[in-house]
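The listed protein sequences correspond, in order, to chains A and Z. Counted the way UniProt numbering counts, the first sequence spans residues 1 to 275. Counted the way UniProt numbering counts, the second sequence spans residues 1 to 275.
Incorrect hints may have been included.
Given that identical chains are not distinguished, each listed pair holds provided it fits within a single copy or across any two copies.
In silico DMTMM-like pairs for lysine to aspartate or glutamate, Cα to Cα no more than 20 Å straight-line [unchecked claim]: (1) LYS55 with ASP224; (2) LYS213 with ASP253; (3) LYS113 with ASP218; (4) LYS54 with ASP91; (5) LYS51 with ASP91; (6) LYS213 with ASP152.
Bear in mind the hints are in silico, worked out from the structure with no lab data behind them.
Protein chains: 2
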Amino acid sequence: MTGVSANRLSLNTATVKQQWNLEQCIEGCARHGLGGIAPWRDVLQDLGVSKAAKKIKDAGLQVSGLCRGGWYTAEGALTQAVLDDNRRAVDEAAQIGADCLVMVVGGLAEGSKDIQGARAIVEDGLAQTLDYARSVGVKIAIEPLHPMYAADRACVNTLSQTLDICDRLGAGIGAAVDVYHVWWDPDIQEQIKRAGQDRLLAFHVCDWLLETKDLLTDRGMMGDGVIDIRGLRSDVEAEGFAGLVEVEIFSADNWWRRDADEVMQVIIERGASAC
Amino acid sequence: MTGVSANRLSLNTATVKQQWNLEQCIEGCARHGLGGIAPWRDVLQDLGVSKAAKKIKDAGLQVSGLCRGGWYTAEGALTQAVLDDNRRAVDEAAQIGADCLVMVVGGLAEGSKDIQGARAIVEDGLAQTLDYARSVGVKIAIEPLHPMYAADRACVNTLSQTLDICDRLGAGIGAAVDVYHVWWDPDIQEQIKRAGQDRLLAFHVCDWLLETKDLLTDRGMMGDGVIDIRGLRSDVEAEGFAGLVEVEIFSADNWWRRDADEVMQVIIERGASAC
Numbered sequence: 001m002t003g004v005s006a007n008r009l010s011l012n013t014a015t016v017k018q019q020w021n022l023e024q025c026i027e028g029c030a031r032h033g034l035g036g037i038a039p040w041r042d043v044l045q046d047l048g049v050s051k052a053a054k055k056i057k058d059a060g061l062q063v064s065g066l067c068r069g070g071w072y073t074a075e076g077a078l079t080q081a082v083l084d085d086n087r088r089a090v091d092e093a094a095q096i097g098a099d100c101l102v103m104v105v106g107g108l109a110e111g112s113k114d115i116q117g118a119r120a121i122v123e124d125g126l127a128q129t130l131d132y133a134r135s136v137g138v139k140i141a142i143e144p145l146h147p148m149y150a151a152d153r154a155c156v157n158t159l160s161q162t163l164d165i166c167d168r169l170g171a172g173i174g175a176a177v178d179v180y181h182v183w184w185d186p187d188i189q190e191q192i193k194r195a196g197q198d199r200l201l202a203f204h205v206c207d208w209l210l211e212t213k214d215l216l217t218d219r220g221m222m223g224d225g226v227i228d229i230r231g232l233r234s235d236v237e238a239e240g241f242a243g244l245v246e247v248e249i250f251s252a253d254n255w256w257r258r259d260a261d262e263v264m265q266v267i268i269e270r271g272a273s274a275c
Numbered sequence: 001m002t003g004v005s006a007n008r009l010s011l012n013t014a015t016v017k018q019q020w021n022l023e024q025c026i027e028g029c030a031r032h033g034l035g036g037i038a039p040w041r042d043v044l045q046d047l048g049v050s051k052a053a054k055k056i057k058d059a060g061l062q063v064s065g066l067c068r069g070g071w072y073t074a075e076g077a078l079t080q081a082v083l084d085d086n087r088r089a090v091d092e093a094a095q096i097g098a099d100c101l102v103m104v105v106g107g108l109a110e111g112s113k114d115i116q117g118a119r120a121i122v123e124d125g126l127a128q129t130l131d132y133a134r135s136v137g138v139k140i141a142i143e144p145l146h147p148m149y150a151a152d153r154a155c156v157n158t159l160s161q162t163l164d165i166c167d168r169l170g171a172g173i174g175a176a177v178d179v180y181h182v183w184w185d186p187d188i189q190e191q192i193k194r195a196g197q198d199r200l201l202a203f204h205v206c207d208w209l210l211e212t213k214d215l216l217t218d219r220g221m222m223g224d225g226v227i228d229i230r231g232l233r234s235d236v237e238a239e240g241f242a243g244l245v246e247v248e249i250f251s252a253d254n255w256w257r258r259d260a261d262e263v264m265q266v267i268i269e270r271g272a273s274a275c
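If we strip away everything but chain A, and leave its shape as in the complex, we get (with noise of 0.2 Å):
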């Protein structure tokens, strides 16, 4: 199996986030070669979707997927904001064409130790939003974390558990599978089958670092790290995954601090030797 080129590779905006505005990262992209784009919603609104939305077409990029929906239990219960908000992000992630809307889906309500009943309150949340996603052509996929953010950043934390609650939601919603979060889980192998084409969305790379200084913005480059990616990749791709590879880094220390067009270039090599 060979390694993922250029223009089978995506750039998630976060990777690049101390050092270039979408605008930038959509140039950078395009002379980079690069296939695709995954915009984080803030800097999408800092261009404006539309004016967004037409530079990244006519850039010629894939958007794999805009980051990010869900965050259903930040104000305790469920509300109408929070319905509202997700409603918007499948609203852009409509205009801009991506292939998913990427839903981290919240962690513990603040004070709580209830988790579950976060996840109550999430599913609830997902249904709504996909009831209306389905109706504008959005795909909803589901990210589960590594479970060192179950507390406070989304508490699906396995493939396994993201797939149970798309059996129950039914058809249009999906797994963005991220080899940071799920590399570990002894199940992964057999879910990723289960999850099958239909439901594998996106698939996210990075690596996990030895040692690992801080539990957010110290994901390491891809082979840089202890994960199998490949490996993980041959898994989603055997089901017929065809998706974009999307390449999200947070790097408080390295890699958010060096030359952008230099990242790039890492990234370009790393996705043909190590992924």
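Using the hints provided, position chain Z relative to the given structure of chain A.
This is chain Z only, laid out in the frame that chain A set:
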């Protein structure tokens, strides 16, 4: 459901590792009326195993576990040196009358990305240690560690995975359930039921802090974090677990810096109010 009284608590010596040697831990447990102790092998060897066994017995303390055997991947392949060391750990557990020998099984071999290979090494090693442990009547407790330790400490990361191993290896082996490692698991209630009384060999408590600033040494005192400790205790006790509640807190910036008698006092208060 009421809290845990002092005589149902056990002190894992790592909780005051910066303040007290094993002799002081034994005296401190007796002075504060704790029911038991769980020494680490390094401090046990420092005091001398026979001497420690006598002091623990004279103090009237139960030994909720010996920390720790395992680390089967330490030398890449399973070596005689690693197996011999685990055999010694079994002997030490027998000498001090420990309820179980707790196993932190080891992570990836150095330079390796093959987590399935690591898991195979671990299971082979556990099988061999178990053979010996059965012959001397020591119970082996696999401690599934939080997935954030999969690379560098333990590639057994869920109770489900632990019980799959136990199913294959047979009698004499079970699980040490530490709330810190398992609280996030959507499957934990079901797996505690699956474990049953015979395989629930230890129950460890501390808390998951928001925010967690270090992957290893920023664990919280019970009640200071987000884990529903009482709920999990209720789950294990519903299966018949009647062992001590072992307090194991790694806390470089807080509890390791306080006066150990103060730590003991807080442990007893939180046993009652938060466990």
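Each hint tested on the structure:
{"no.": "1", "hint": "LYS55 with ASP224", "in the structure": "neither (33 Å within a copy, 49 Å between copies)"}
{"no.": "2", "hint": "LYS213 with ASP253", "in the structure": "both (10 Å within a copy, 16 Å between copies)"}
{"no.": "3", "hint": "LYS113 with ASP218", "in the structure": "between (27 Å within a copy, 18 Å between copies)"}
{"no.": "4", "hint": "LYS54 with ASP91", "in the structure": "within (15 Å within a copy, 71 Å between copies)"}
{"no.": "5", "hint": "LYS51 with ASP91", "in the structure": "within (15 Å within a copy, 71 Å between copies)"}
{"no.": "6", "hint": "LYS213 with ASP152", "in the structure": "both (18 Å within a copy, 13 Å between copies)"}
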